[in-house]
Each structure stands twice: as structure tokens, then as C-alpha cells.
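Chemist: Taking the hints into account, I'd like the entire structure generated from these sequences.
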Amino acid sequence: MTPKLKKLKNQVIVITGASSGIGLVTARMAAKKGAKLVLAARSEEALRRLVAEIQQEGGEATYLAIDVSEPTAARAIAEKALATFGGFDTWINNAGVSIYGKVEEVPMEDMRQLFEVNFWGLVHGSLEAAKHLKQKGGAIINVGSILSDVTAILQTIYSASKHAVKGFTDGLRMELEMDGAPVAVTLIQPAAIDTPYPVHAKNYMEREAKHAPPAYAPETVARAILYACTHSERSIVVGGGGRAFISMEQWTPRLLDKFMETAFVKQEKADYAPRPLHQNALDKPMGNLEERGNYPGHTRETSFYTQAVTSKSPVLKTALAVGAGLALATWISKQRQPSGNGYRTVYPEGYDRTRTANRSQLGSAATASSSHDFDGNSHDHRYSEVRRDDLP
1 MTPKLKKLKN QVIVITGASS GIGLVTARMA AKKGAKLVLA ARSEEALRRL
51 VAEIQQEGGE ATYLAIDVSE PTAARAIAEK ALATFGGFDT WINNAGVSIY
101 GKVEEVPMED MRQLFEVNFW GLVHGSLEAA KHLKQKGGAI INVGSILSDV
151 TAILQTIYSA SKHAVKGFTD GLRMELEMDG APVAVTLIQP AAIDTPYPVH
201 AKNYMEREAK HAPPAYAPET VARAILYACT HSERSIVVGG GGRAFISMEQ
251 WTPRLLDKFM ETAFVKQEKA DYAPRPLHQN ALDKPMGNLE ERGNYPGHTR
301 ETSFYTQAVT SKSPVLKTAL AVGAGLALAT WISKQRQPSG NGYRTVYPEG
351 YDRTRTANRS QLGSAATASS SHDFDGNSHD HRYSEVRRDD LP
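Numbering (UniProt numbering), first residue to last: 1 to 392.
No lab work stands behind these hints, which were simulated from the structure alone. None of these values were measured; they are calculated from a predicted model. Note that CB positions come from ideal geometry on N, CA and C, so glycine has one too. Take the hints with a grain of salt, since some may be wrong.
Label pairs and their calculated CB-CB ranges [stated by the list, open to error]:
#: 1; residue 1: 288; residue 2: 207; range: 20 to 26 Å
#: 2; residue 1: 275; residue 2: 314; range: 44 to 50 Å
#: 3; residue 1: 9; residue 2: 108; range: 42 to 48 Å
#: 4; residue 1: 52; residue 2: 102; range: 27 to 33 Å
#: 5; residue 1: 261; residue 2: 175; range: 37 to 43 Å
#: 6; residue 1: 292; residue 2: 178; range: 38 to 44 Å
#: 7; residue 1: 107; residue 2: 257; range: 21 to 27 Å
#: 8; residue 1: 4; residue 2: 207; range: 29 to 35 Å
#: 9; residue 1: 175; residue 2: 271; range: 43 to 49 Å
#: 10; residue 1: 283; residue 2: 75; range: 43 to 49 Å
#: 11; residue 1: 278; residue 2: 112; range: 15 to 21 Å
#: 12; residue 1: 127; residue 2: 284; range: 23 to 29 Å
Modeler: Have a look at this one:
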């Protein structure tokens with residue numbers, strides 16, 4: 001059964017992780033579109049102020065300060081929605097935490113707690129939402145990451161949790177479709193987003209964490225999420241840079257490995273000392289209505305790629321698919337050239353292939369190879385685009 005999704009102004013939307021970053025921006029944007037909101041996070045003071053802000057601007061919202069890692073949290077959120085608004089139409093599982101550091105140096109209890117939030121919190125929320133929506137129809141939107149397909153070095157446990165999110169989301173979608181349930185299940189896969197994510201992470205590195213480029217504004221993700229509230233989509237990748245990383249993983253995985261080991265590992269470290277280890281959102285609430293984070297570079301305020309894949313125009317979607325395929329084919333052909341026995345990798349001039357320890361040279365090659373993304377821009381290119389916001 002094809003889900004019939006309401007217009008935003010007629011929806012009640014549940015959002016977890018609403019006290020900062022993507023969840024906060026999505027809540028504010030949805031409220032301006034007329035949606036009624038049920039907001040959940042651990043930071044009660046932040047939620048109280050956010051609900052007051054929304055109500056002052058004429059919106060309707062309620063909140064529940066709760067930890068989604070608790071098995072009973074999802075039921076409590078659903079009961080809050082039922083008691084306040086008589087139910088809900090869309091459930092957005094956005095709450096998440098992260099850890100930076102070598103996996104061998106991260107305590108097992110931290111790994112387990114991250115999965116309790118990122119994976120099991122999402123599982124509980126999805127199943128509670130499905131139970132409610134199977135009867136009336138609606139949408140479940142799970143915020144994964146491009147790291148649902150790619151693994152970021154020094155973010156191994158976070159990447160593993162997002163891989164698990166993708167596996168669960170895909171399986172739930174298929175089972176609901178098989179049963180004929182009128183429920184859309186969408187995976188949102190953001191690239192690096194300029195939110196407090198790095199400074200909320202538990203950081204075992206010797207320097208403060210930051211995003212590797214390119215980074216996008218949280219509004220780009222919020223628009224994709226709200227699009228999924230009204231359109232049944234399997235998944236949406238946010239940011240052409242993220243699409244490029246996923247394509248590298250699919251087509252040239254060893255080159256991506258080397259890029260991670262030589263270039264990316266440097267780009268995700270700031271040039272100053274880390275904050276004290278105890279200052280992290282894994283161990284305590286940190287959301288305080290902050291939308292942006294510590295990204296030092298140019299934040300891309302929009303993504304042509306994501307605008308195209310969420311466009312109502314089939315011509316634009318087809319053109320994007322063809323253009324992306326041609327761009328990827330061209331890129332791969334430049335990395336692999338014919339030799340007498342098949343194909344060989346193109347190394348930079350002067351690179352000694354017998355010296356596997358010469359990582360700085362290979363890093364330069366990988367960085368140059370991945371300098372353009374599916375938005376058609378180099379990672380350090382300054383550009384602007386006309387913002388499109390045609391949400392119903």
C-alpha cells in the first residue's frame with residue numbers, strides 16, 4: 001500500500017535529539033511550516049526554552065526530557081504525543097552521539113553506550129512508531145549518515161552504529177512493505193554537517209575534533225527530512241560531497257582507504273588541544289539550542305545534488321543521475337589506465353610505488369583525486385546557490 005502522507009501543516013511530528021544541531025533546526029523549520037511538534041532530548045531546560053520560542057511564534061509544541069537509550073523512552077514519547085495531540089504522523093529518529101579515537105583505545109563501555117543511543121534508541125523508536133502508524137499511515141525517518149556506507153577513520157564505532165542503522169532501516173522498510181502497511185520508511189544520510197557534533201563527541205584524540213571538508217549547513221538536512229515527511233523516499237543523501245565518498249567506497253575502496261589513512265585523518269583534527277574528556281554528550285546532556293559547531297572552513301549553505309534528488313521534476317532527477325554517472329566514470333577512468341596485463345593505478349609523478357611507507361605522497365594523490373564532489377565543486381571552492389524551499 002502506497003503511504004499517503006499529509007502536508008506538513010496537518011502533521012504531528014515527533015523529533016528526538018531536538019535540543020541542538022539537526023534536530024533543533026528541523027524542529028524550528030517544521031514549526032514555521034505549521035506542524036505540531038513533540039520534541040524529545042535529555043536537556044530539559046533547552047527543550048523548555050525551545051517550546052516557549054515556538055509557542056511565542058504561534059506554533060504548537062510539547063516536549064519530554066528523556067534519554068532514548070532507555071528501553072521505555074519510545075513508549076513514553078508516544079504516550080506524550082497521544083495525550084497532547086491524539087497521536088502523530090511522522091516519527092524522526094535523530095538522537096545520536098559520537099566518539100573520536102583509535103578503536104583499540106576506546107573503552108568497551110563507551111562503545112556499548114554509543115550503540116544504546118544511536119542504534120537501540122532508534123530501534124525502539126522505529127518499532128513504537130510502526131505500531132502506531134500501521135493503522136493510520138505515516139512516515140518513519142531515521143537519520144543515518146554517509147557513514148552508513150563509508151567508515152571514517154577514528155570514528156569507527158560511530159560508523160559501525162550508522163551501518164547498523166542502515167541495515168535495520170532497510171529491513172524494517174521491506175517488512176512493512178511486504179505486510180502492505182501504509183508507512184514510508186526513509187533513511188537520511190547527511191555528509192559532514194556544521195553542527196556541534198564534533199564538540200559534543202567523546203574525544204580520545206590528542207587534538208580537538210572537527211569535520212573534514214566539505215561541510216554543509218544543518219538546514220540542508222532539515223529540508224531533506226521535511227521533504228521525506230511528505231514524500232515516500234527510500235533514502236536521501238545530503239550533500240554532493242557525501243555522495244562522492246559513497247561512490248568511492250563502491251568503486252575504488254582501496255583508494256578511499258588510503259585517503260582516509262593519509263589525508264582525512266589529518267582533516268578531522270583541529271589545530272588546538274581537546275576539551276577535557278568529561279565534557280561530552282555521551283556521558284551527559286550537552287544540547288543548549290546550538291545549531292552550528294566549530295567548523296573553521298566555508299560551510300555550504302545548500303547542495304545542488306540534494307536539491308536535485310528531492311526535486312519534483314523527473315527531468316532534473318534523470319539529468320542528475322546521468323551527470324553523476326558520467327562524472328564517476330570519468331573520475332574512475334583517470335585513476336585506472338590500461339596496461340599490458342589489464343589496468344594499473346595512476347600514481348602521482350615521482351611516487352615510488354615500492355615504498356608503501358611513503359604515505360604523504362599517496363595522500364597527495366588521494367586528496368587531488370577526491371577534490372571534486374557531486375555538487376560540482378572542489379572542497380575549498382567558494383560558491384553560492386539560489387535556495388529552493390518548496391515544501392508543502
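Chemist: Decide, hint by hint, whether the structure agrees.
Modeler: Hint check:
1. For residue 288 and residue 207, the hinted distance range of 20 to 26 Å is satisfied, since their beta carbons lie about 24 Å from each other.
2. At about 48 Å, the CB distance of residue 275 to residue 314 agrees with the hint of 44 to 50 Å.
3. Between residue 9 and residue 108 the beta carbons are some 47 Å apart, a value that agrees with the proposed interval 42 to 48 Å.
4. Taking the beta carbon of each, residue 52 and residue 102 are about 43 Å apart, not inside 27 to 33 Å as hinted.
5. Our hint of 37 to 43 Å for residue 261 and residue 175 holds, since their Cβ atoms are close to 38 Å apart.
6. In this structure, residue 292 and residue 178 meet the distance hint of 38 to 44 Å, their C-beta atoms being roughly 41 Å apart.
7. For the pair residue 107 and residue 257, the supplied restraint of 21 to 27 Å holds, since their beta-carbon distance comes to about 26 Å.
8. Against the hinted window of 29 to 35 Å, the Cβ-Cβ separation of residue 4 and residue 207 comes to about 50 Å, which falls outside the hint.
9. For residue 175 and residue 271, the hinted distance range of 43 to 49 Å is satisfied, since their beta carbons lie about 47 Å from each other.
10. In this structure the hint that residue 283 and residue 75 lie 43 to 49 Å apart at CB is violated, the actual value being about 25 Å.
11. Between residue 278 and residue 112 the CB atoms are about 18 Å apart, so this pair conforms to the stated range of 15 to 21 Å.
12. Evaluation of the 23 to 29 Å hint for residue 127 and residue 284 yields a pass: the beta carbon distance comes to about 27 Å.
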